[in-house]
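Participant: Please model the entire structure based on the sequences and the hints provided.
Chain by chain, the residues run as shown.
2 protein chains.
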Amino acid sequence: MQVNIKDIEAFDKPYRASFVNSLGGFKSLVLVGTEDATGQSNLAVFNSLFHIGASPALCGLVVRPDSVERHTLGNIMETGFYTINHVKEEFYKAAHQASARYPKSVSEFDATGLEKEYLNDFKAPFVKESHVKFSMEIAEKIDLKINGTILLIGKIQDVYFPEACLGQDGFLDLEKAGSITVSGLDSYHKTHKIARLSYAKVGEVPREIVEI
Amino acid sequence: MQVNIKDIEAFDKPYRASFVNSLGGFKSLVLVGTEDATGQSNLAVFNSLFHIGASPALCGLVVRPDSVERHTLGNIMETGFYTINHVKEEFYKAAHQASARYPKSVSEFDATGLEKEYLNDFKAPFVKESHVKFSMEIAEKIDLKINGTILLIGKIQDVYFPEACLGQDGFLDLEKAGSITVSGLDSYHKTHKIARLSYAKVGEVPREIVEI
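Chains as they are written, first to last, in our numbering: chain A, 132 to 343; chain B, 132 to 343.
It cannot be assumed that every hint is accurate.
Copies of the same chain look alike in the list, so a pair counts if it fits in one copy or across any two.
Stated by the list, open to error - Below, a list of computed lysine to aspartate or glutamate pairs in the EDC-like style, where the Cα atoms sit at most 20 Å apart:
no., residue 1, residue 2
1, 332, 197
2, 324, 306
3, 276, 300
4, 276, 246
5, 235, 335
6, 332, 241
7, 272, 294
8, 219, 339
9, 224, 342
10, 307, 248
11, 137, 294
12, 224, 339
13, 286, 143
14, 324, 220
15, 321, 271
16, 224, 289
17, 144, 300
18, 224, 260
19, 219, 342
20, 324, 274
21, 219, 306
22, 286, 252
23, 144, 289
24, 321, 220
25, 286, 274
26, 286, 138
Treat the hints as calculated values from the structure; they're not laboratory data.
Keep in mind that this is a model prediction, so the values were computed, not measured.
Facilitator: Structure follows, in structure tokens:
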């Protein structure tokens, strides 16, 4: 089946959002924890986290200024800090509920029942239930004029994860850690590992990497 | 277990790349098809595709200018066009092999055995084996000075997918279509759907969306 750009533009808004969000494939599912200068905390769910580089260790996040995520954006610009928390199956419904339009005076930690945790004196709250999480310092804010969204680039600070999930070569086994993935706007999925493959070289067939 | 930014900086390069790439969660896995002005084709595997917006329909891609992906970047800047092709389990090893450092004169289609397909007179090749794929026109190139990578923003043009995977509300069921996901640099995963959840509202518990 084929649809073109004119068809997409003619879809009604929720249909188009659902369709176009599906095209990007399976995505990272994380909760972003922040607080404002007065200590009012906020938690928001994102599916736009992406890797930018390992040295320095950088991640990007796309923020829509017209959504509830504006609390996240406001807090990050106010304090410079935020936390990224992977989502597990055990609390994906609470993570999803964090996307409801709560007023700024309501902390999504209270509204969803997820537990706030402060680690290593960092100025933003973590999600206690999350098994893979890290603190971030804002490095750059880029306005994407093409559609009015904002790209936040942050530097990874402290990383917390289960020791049993760290491989000999630095690979962190997210499936073992229980991190889940999302597709479209609202479809949640567990994963089932096919294999890890060795570094690809011209003229060689990639081998499966087996952890001992 | 905890590691901090100093630990990460002290990791050796491959270990650091593997570790930091794991933190971003499960990612979109796609093959990007391009050709240069003479018609020499190229295929590269990416795990940095991300959704930017639905109206206009935009996706972003992070490109590293010092890697084999420079052929992709060069071709896109030369012609303005590229294709995005989801990866299925049936050909994930060929997709992985496309990341080997082939010279520009070698098409990764030939090297990996994936079949080139031209659709609707579009000026870049698709992967025939791919079930969800779309054509893209470059809209913006942003140099990320923080680490020398490049963010390419493209407009979605024609989209091809199995009709049976399209839901009543515009949701495209990627799990049904057989799209897979990647974590870290080289770990490939199938998915297992937990549920879709209804739009989150304050004071309501999200319902599971069941397709009829």
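Participant: None of the hints should be skipped; say for each whether it holds.
Facilitator: Verification of the hints:
{"no.": "1", "hint": "332 - 197", "verdict": "between (46 Å within a copy, 16 Å between copies)"}
{"no.": "2", "hint": "324 - 306", "verdict": "both (7 Å within a copy, 14 Å between copies)"}
{"no.": "3", "hint": "276 - 300", "verdict": "neither (40 Å within a copy, 29 Å between copies)"}
{"no.": "4", "hint": "276 - 246", "verdict": "neither (36 Å within a copy, 37 Å between copies)"}
{"no.": "5", "hint": "235 - 335", "verdict": "between (55 Å within a copy, 18 Å between copies)"}
{"no.": "6", "hint": "332 - 241", "verdict": "between (51 Å within a copy, 15 Å between copies)"}
{"no.": "7", "hint": "272 - 294", "verdict": "neither (33 Å within a copy, 39 Å between copies)"}
{"no.": "8", "hint": "219 - 339", "verdict": "between (27 Å within a copy, 17 Å between copies)"}
{"no.": "9", "hint": "224 - 342", "verdict": "between (32 Å within a copy, 19 Å between copies)"}
{"no.": "10", "hint": "307 - 248", "verdict": "neither (23 Å within a copy, 38 Å between copies)"}
{"no.": "11", "hint": "137 - 294", "verdict": "between (50 Å within a copy, 18 Å between copies)"}
{"no.": "12", "hint": "224 - 339", "verdict": "between (35 Å within a copy, 10 Å between copies)"}
{"no.": "13", "hint": "286 - 143", "verdict": "between (38 Å within a copy, 18 Å between copies)"}
{"no.": "14", "hint": "324 - 220", "verdict": "both (16 Å within a copy, 11 Å between copies)"}
{"no.": "15", "hint": "321 - 271", "verdict": "neither (32 Å within a copy, 34 Å between copies)"}
{"no.": "16", "hint": "224 - 289", "verdict": "neither (27 Å within a copy, 34 Å between copies)"}
{"no.": "17", "hint": "144 - 300", "verdict": "between (45 Å within a copy, 10 Å between copies)"}
{"no.": "18", "hint": "224 - 260", "verdict": "within (13 Å within a copy, 35 Å between copies)"}
{"no.": "19", "hint": "219 - 342", "verdict": "neither (23 Å within a copy, 24 Å between copies)"}
{"no.": "20", "hint": "324 - 274", "verdict": "neither (37 Å within a copy, 34 Å between copies)"}
{"no.": "21", "hint": "219 - 306", "verdict": "both (10 Å within a copy, 19 Å between copies)"}
{"no.": "22", "hint": "286 - 252", "verdict": "within (17 Å within a copy, 43 Å between copies)"}
{"no.": "23", "hint": "144 - 289", "verdict": "between (39 Å within a copy, 18 Å between copies)"}
{"no.": "24", "hint": "321 - 220", "verdict": "both (7 Å within a copy, 16 Å between copies)"}
{"no.": "25", "hint": "286 - 274", "verdict": "both (18 Å within a copy, 17 Å between copies)"}
{"no.": "26", "hint": "286 - 138", "verdict": "between (39 Å within a copy, 14 Å between copies)"}
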